[in-house]
Amino acid sequence: MKAKPAAEPVFPRVSPLADVALQGRFGADRGAPGVEFRVRHPLSILTVIARKGQSAAVADALASLKGTTVQWAGPDQYFVLAEGRGEGALYREAKAMLDDKASVSEQSHGRVVIRVAGAKARNVLAKGTPVDLHPDAFPVGMSAMTQMAHVGVHLTRVAEDAYDLSVFRGFAESLWEWITEQAEEFGYQVK
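If you count by my numbering, then the sequence shown holds residues 1 to 191, one letter each, in order.
For the record, the hints were derived by calculation from the structure and aren't laboratory data. Hints should not be assumed to be uniformly reliable.
[Stated by the list, open to error] List of simulated lysine to any residue pairs, SDA-like, C-alpha gap at most 25 Å: (1) 120 <-> 132; (2) 120 <-> 136; (3) 101 <-> 18; (4) 127 <-> 29; (5) 66 <-> 85; (6) 52 <-> 142; (7) 120 <-> 186; (8) 191 <-> 65; (9) 191 <-> 75; (10) 127 <-> 106; (11) 95 <-> 136; (12) 120 <-> 62; (13) 191 <-> 95; (14) 127 <-> 101; (15) 101 <-> 75; (16) 127 <-> 87; (17) 52 <-> 64; (18) 127 <-> 180; (19) 66 <-> 144; (20) 127 <-> 85; (21) 120 <-> 159; (22) 52 <-> 23; (23) 120 <-> 160; (24) 127 <-> 52; (25) 95 <-> 42; (26) 120 <-> 147; (27) 101 <-> 65; (28) 127 <-> 23; (29) 120 <-> 101; (30) 127 <-> 57; (31) 120 <-> 185.
[Unchecked claim] Label pairs and their calculated CB-CB ranges: (32) 22 <-> 99: 35 to 43 Å; (33) 56 <-> 178: 34 to 42 Å; (34) 56 <-> 174: 37 to 45 Å; (35) 96 <-> 174: 35 to 43 Å.
All C-beta atoms in this analysis are idealised placements derived from N, C-alpha and C, irrespective of residue type, glycine included.
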């Protein structure tokens, strides 16, 4: 009788902020907190880079990818994010759809996304980025590559008073410490 091949091990995505981003209310205690932080975890994340001459085809294909958010990440480059997908499922789906049109790279274990929301979210972010965050200059849906606290950050405005910060896993704790310190004057909630 032939032995069954061993199943590939599944490694759960453990957030590097699991022991740092503790839930609770912190900073100034004057009424409602001005800022709310949430680590978006687990989250499926891909980098997609269109091949030469395939920009329009890649944009169209990504627009048809259900249950995802597509964010600009540079010329002909995108981050594709999805919640609630199984390990590697988004990668396999995108790779099959884009195989001849784009390079697709799995980033789920390598990046961390922090949601910064609330009435004072823009004030906190403005302390660390040269990006003009005024709603007229940075509308909902816009993304920028920038730096905060000497850390490369992909910044996206996702709602009127909400932003996502995507950062390489190895820099997540440093960025977390910096950004929560900047929010102390307004009071902040970690969810």
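Okay, the hints, checked on the actual structure:
no.: 1; hint: 120 <-> 132; result: holds, 15 Å
no.: 2; hint: 120 <-> 136; result: holds, 17 Å
no.: 3; hint: 101 <-> 18; result: violated, 37 Å
no.: 4; hint: 127 <-> 29; result: holds, 21 Å
no.: 5; hint: 66 <-> 85; result: holds, 11 Å
no.: 6; hint: 52 <-> 142; result: holds, 24 Å
no.: 7; hint: 120 <-> 186; result: holds, 7 Å
no.: 8; hint: 191 <-> 65; result: violated, 29 Å
no.: 9; hint: 191 <-> 75; result: violated, 34 Å
no.: 10; hint: 127 <-> 106; result: violated, 31 Å
no.: 11; hint: 95 <-> 136; result: violated, 36 Å
no.: 12; hint: 120 <-> 62; result: violated, 33 Å
no.: 13; hint: 191 <-> 95; result: violated, 33 Å
no.: 14; hint: 127 <-> 101; result: violated, 39 Å
no.: 15; hint: 101 <-> 75; result: holds, 15 Å
no.: 16; hint: 127 <-> 87; result: violated, 36 Å
no.: 17; hint: 52 <-> 64; result: holds, 21 Å
no.: 18; hint: 127 <-> 180; result: holds, 12 Å
no.: 19; hint: 66 <-> 144; result: holds, 24 Å
no.: 20; hint: 127 <-> 85; result: violated, 34 Å
no.: 21; hint: 120 <-> 159; result: holds, 13 Å
no.: 22; hint: 52 <-> 23; result: violated, 45 Å
no.: 23; hint: 120 <-> 160; result: holds, 11 Å
no.: 24; hint: 127 <-> 52; result: violated, 38 Å
no.: 25; hint: 95 <-> 42; result: holds, 20 Å
no.: 26; hint: 120 <-> 147; result: holds, 19 Å
no.: 27; hint: 101 <-> 65; result: holds, 15 Å
no.: 28; hint: 127 <-> 23; result: holds, 23 Å
no.: 29; hint: 120 <-> 101; result: violated, 41 Å
no.: 30; hint: 127 <-> 57; result: violated, 38 Å
no.: 31; hint: 120 <-> 185; result: holds, 10 Å
no.: 32; hint: 22 <-> 99: 35 to 43 Å; result: holds, 42 Å
no.: 33; hint: 56 <-> 178: 34 to 42 Å; result: holds, 39 Å
no.: 34; hint: 56 <-> 174: 37 to 45 Å; result: holds, 38 Å
no.: 35; hint: 96 <-> 174: 35 to 43 Å; result: holds, 36 Å
Violated hints for the displayed structure, listed by number in ascending order: 3, 8, 9, 10, 11, 12, 13, 14, 16, 20, 22, 24, 29, 30.
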